[in-house]
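J.: Chain by chain, the residues:
2 protein chains.
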Amino acid sequence: MPEYLDRINSPADLKKLSPEQLPDLAAEIRETLLIRLMTTGGHAGPNLGMVEATIALHYVFDSPKDQFVFDVSHQCYVHKMLTGRRDGFTDPARYGAYSGYTNPKESEHDIFTVGHTATAISLATGLAMARDLKGESNNVVAIVGDGSMSGGEAFEGLNNASMLGSNFILLFNDNGIAIAPNHGGMYRNFSRLRETNGLEECNFFRSFGMDYLYVPNGNDVLALVEAFRAVKDTKLPVVVHIHTEKGKGLPWNKENMEGTHFVMPGLAPLDDFMSQYPSCGAMMAEHLLEKIKADPTIMVLSPATPGQSMLLPEFREKAGKQFLDVGIAEQHAVAVAAGLASSGAKPVLCIVASFMQRAFDQLLLNLSLDKSPAIILVSNATINPGDATHCGIYDIAMTSPIPNLICLAPATVEEYLAMFDWALEQVEAPVMIREPGMLISAGRNIAFTDADVGKYEITERGSKVALLGLGNFYHRAAQVKALLKEKAGVDATLINPRTWSALDEGTLEKLKAAHTVVVTLEDGVVTGGFGQRVASFYGPSAMKVLNYGAAKEFRDRVPVEEQYLRDRLTPEQITEDILCCLQ
Amino acid sequence: MPEYLDRINSPADLKKLSPEQLPDLAAEIRETLLIRLMTTGGHAGPNLGMVEATIALHYVFDSPKDQFVFDVSHQCYVHKMLTGRRDGFTDPARYGAYSGYTNPKESEHDIFTVGHTATAISLATGLAMARDLKGESNNVVAIVGDGSMSGGEAFEGLNNASMLGSNFILLFNDNGIAIAPNHGGMYRNFSRLRETNGLEECNFFRSFGMDYLYVPNGNDVLALVEAFRAVKDTKLPVVVHIHTEKGKGLPWNKENMEGTHFVMPGLAPLDDFMSQYPSCGAMMAEHLLEKIKADPTIMVLSPATPGQSMLLPEFREKAGKQFLDVGIAEQHAVAVAAGLASSGAKPVLCIVASFMQRAFDQLLLNLSLDKSPAIILVSNATINPGDATHCGIYDIAMTSPIPNLICLAPATVEEYLAMFDWALEQVEAPVMIREPGMLISAGRNIAFTDADVGKYEITERGSKVALLGLGNFYHRAAQVKALLKEKAGVDATLINPRTWSALDEGTLEKLKAAHTVVVTLEDGVVTGGFGQRVASFYGPSAMKVLNYGAAKEFRDRVPVEEQYLRDRLTPEQITEDILCCLQ
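Residue numbers (numbering that gives the first Met the number 0), protein chains in the order written: chain A, 0 to 582; chain B, 0 to 582.
These are calculated hints, taken from the structure and not from any lab test. Please note that a few of the clues may not be correct.
No distinction is drawn between identical chains; accordingly, a pair holds when it is met within one copy or between any pair of copies.
Claimed, not checked - With a straight-line Cα cutoff of 25 Å, these simulated BS3-like cross-link-like pairs (lysine-lysine) come out: (1) 551 - 370; (2) 320 - 64; (3) 133 - 320; (4) 231 - 64; (5) 290 - 484; (6) 317 - 133; (7) 370 - 15; (8) 292 - 133; (9) 509 - 234; (10) 551 - 509; (11) 133 - 370; (12) 551 - 234; (13) 14 - 234; (14) 104 - 231.
For reference, chain A alone in the conformation it holds in the complex (with noise of 0.2 Å):
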């Protein structure tokens, strides 16, 4: 029975506690972190490696009057435990009671939610100044990992942080890794920092004008303790260094520091648990090896998501100098997808939806206005389960107003490696490309050639109800069709719209002549997306048009199902309306 841990319930009976017990209370913080992770899985690494700084933190500062900002807040299971929120850690009834980021909605030591990298500098600056308008005096503390710095945003919140004539602490947590093996020229210089303990000259961050504090150790309580004394009340910004181990305790981790950063129950590694499962990711990974093999100039792409574009390590590995990590920096993987595209090489950029969010701008001016014919595979596009921060809903809206961005949403897997291969071979537009959320098969070959860009595939033809499903979404309209039919006799028309950047306007005008009814379905947020559109094509006719997708709003950690009932997306509750439409 954890004997120090179950006495607090709050930062101040954390304080209770001598300094010399806190590695006993570190103890069996990672104890019960690994008998949770055992059943539930999660951020095993970021969390296993900021055990000791996150009590340190809570020992010496006075949350919530001093604010912590954990950037991504992936790292933030101790911190919770902390702060009345254990339960959801020693008691296996409440593991689900908290999400896995922090979220001002479960307590007041949570200041935003967050899930995405590269924000807490930004976000914690603007507390500061807060604070300083207001004439306050507490301590601003932004947390933030070695990978998390590669971002765009956290080096424009450096730049400006360093400038705050008052208290700032940024908490540099390296632990010499990011969710896949760092990659930049800065990390030579944590690397130099950590070999000379912090006193290497050239100094990324004194370079901003930091002051800059090393802990060598930063799994020691005790040195961790006496070093944020050291810098308690600064008047001035400083940057605590602390090396820590990621996923210490985890009996594995130095063999595979990548497996620790996310696990599965029985912590086993996220990319062992996914290779053994086909998906369409891994089927394109497949692919992608196959066509790198036989032309130099492709270069595959990841802004820090390899697994999650399920390019693991051995296709890491096997695609040698034709892959690169660049980093969690979206912004920059777009520019450079459109640099190699400019020079006739072939990026393949694989990108998770919810990061995509990051580079709008380079989609449009980089990329899109020069038509670099660069690709783009979008994954995690789907209404899914997940914490509010990573929902994949927002990529169709998000692009429709681009102009030149093909954009392609494949119904199958066969669908998604010939779109795959056309584009792969076309040199006028960049083409961006929507992974199925599931895996189906069409359990036959697709063809997809120059005559298929912007045109609609009409796969069943019927009359009175024609019915679009984008992408994933094909196969409910296909299951709409079938209780169209079976409820009313309907015999609906089924098409496979397989682009949203543009409309096919000959099909949708020739579906006048036989079609009261036009229905459209897609896997994201409805408002701005592909229905709104075919919604106005018809708008100065006598065409009914329904558009079913994602409601816009928030959900977080919501089931799918769930989902679906609330947003009238089951076939059943669109074939009502349909029936209710056709009267």
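Since chain A is already given, all that's left is putting chain B on it; use the hints.
T.: Relative to the frame of chain A, chain B by itself:
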């Protein structure tokens, strides 16, 4: 008559000059630039400062084999003069022949169409990677000003470029001022490097592992030739840091550095010109000053474009610590606003529409997810005759799918101020207000209260046709109303929708009773915008809907009236369509 310049039709001609002749050529070019700027205005500061460096680049390197990527590219005039486009600068009849930015359609010496900052390092990294994949050996040179270095994408690029194990030259043009004075800790390092003749040990660029060379007089063409020769064909990434004089040759640049950036005809500083005319921005700036006096927690933020938001030097002086220019760092700007708002301060971020494109993810996740009550005032959000990179048409569509963000579009300056006053008092949600693209007075006081949020204002009740004119385009809708009456005796209903973030479903529903056609007008891209959502609402009904806005296509320097004609946005065209629809 320019003796040397007239002989130069390509870089090959330049290379025929002896080094000793280059200073005379520089003098000719500077004089030519001044004569043209006197007539046409333009980016005086960046180009006049880069005269010698551009000559030296083309003298030493071999464009287009060697590749130059100009960041922002507002410093490309001399490059254009030396690459076959001299006539655009020497012949008044040809002054309008070329764009003010690089453009691959004009010349093989221009690789990218750019206009936003901080992209050159990433784009050039892509070129270098493509070169290496193809086994070629040219030089790649990214030319970046000090102002651009504050953008996160530049940093992401630097972090990656420094890892290239091959040729890459970053020409860092440091004149010590961006558009407005630079702000950020990094600039102290640049200053220190200038003071120490590049010898300071703690060197921002070297911290990435880049080689580094300093040229103290960046307007000494012979010193630059020598420096470029030293790095030509380098096998590793190198930074050439040159210290130039912005606006060199302008009579008054020492006194008004900011005024040199962009001048109007007669070399008048843009700010002086703009401050002469009343505008919505100017009236808001005055209003902000009053508010600031009354509330010390208001913080006005600008991402390096205060002038474009009419936050002129006089405003900044009066605002004191309640104004902050965060540098060209839009992502940070939005996040810092979120931080300020979450601590109870009142941030007002003044941002240009096309630059807000940099911060989609931050608007979504930093600001809107936590409903942080920051205010964003968006300027230049209108169909404009500018470069394709500076279109102000994407903001409505981009923000449409973002939950929680209240987006307001006032039709008059009084409404703009009233909406701002309301936004400043409320603490429920972030509010974005789209500055009217033209100064139109309502001629009366306007009130805006909680009860108005999400509600359309019916300004004139009629029947058959309802006209919804968003923001600016309310007045266009009023013109259509007058034409409908005149041409067909139709008394249309006129509506000021005031918002695009929510549909006023109650009002839309009621319109069904006496109307058969609903028309939407918006001053932005129609795809994914306000009108298509209205079309979707009426999709299942018998209501006919016509959506008007800008087409989804890039337009480069097309007169606004011509764009209106193309998009069928003239009141006559819209009236014609409506009458056709009524039949």
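J.: All hints, please: hold or fail.
T.: A quick look at each hint next to the structure:
1. Taking CA atoms no more than 25 Å apart as the test, residue 551 paired with residue 370 passes between copies only; the shortest distance there is 14 Å, against 31 Å inside one copy.
2. Within a single copy, residue 320 and residue 64 get their C-alpha atoms only as close as 49 Å, which misses the 25 Å cut-off; across copies the closest is 24 Å, which meets it.
3. When the C-alpha separation of residue 133 and residue 320 is checked against a cutoff of 25 Å, the pair qualifies only between copies, where the shortest distance is 12 Å, while the shortest distance within a copy is 53 Å.
4. When the C-alpha separation of residue 231 and residue 64 is checked against a cutoff of 25 Å, the pair qualifies only within one copy, where the shortest distance is 13 Å, while the shortest distance between copies is 55 Å.
5. For the identical chains of this complex, residue 290 and residue 484 are neighbours neither inside a copy (43 Å) nor across copies (64 Å), given an alpha-carbon limit of 25 Å.
6. Taking the shortest alpha-carbon separations for residue 317 and residue 133, only the inter-copy value of 19 Å comes in at or below 25 Å, while the best intra-copy value is 56 Å.
7. With identical chains, the CA atoms of residue 370 and residue 15 are never at most 25 Å apart, being 63 Å at best within one copy and 36 Å at best between copies.
8. Taking CA atoms no more than 25 Å apart as the test, residue 292 paired with residue 133 passes between copies only; the shortest distance there is 14 Å, against 61 Å inside one copy.
9. In this assembly of identical chains, the alpha carbons of residue 509 and residue 234 never lie at most 25 Å apart, being 71 Å within a copy and 60 Å across copies at closest.
10. When the C-alpha separation of residue 551 and residue 509 is checked against a cutoff of 25 Å, the pair qualifies only between copies, where the shortest distance is 23 Å, while the shortest distance within a copy is 31 Å.
11. Proximity of residue 133 to residue 370 under the C-alpha cut-off of 25 Å is restricted to the inter-copy arrangement: shortest distance 21 Å between copies versus 49 Å within a copy.
12. Taking the closest pair of Cα atoms, residue 551 and residue 234 never come within 25 Å of each other, the shortest separation being 43 Å inside a single copy and 51 Å across copies.
13. For the homomeric pair residue 14 and residue 234, the shortest alpha-carbon distance inside one copy (24 Å) is at most 25 Å, but the shortest distance between copies (56 Å) is not.
14. Taking identical chains as interchangeable, the C-alpha atoms of residue 104 and residue 231 are never at most 25 Å apart, the minima being 27 Å within one chain and 57 Å between chains.
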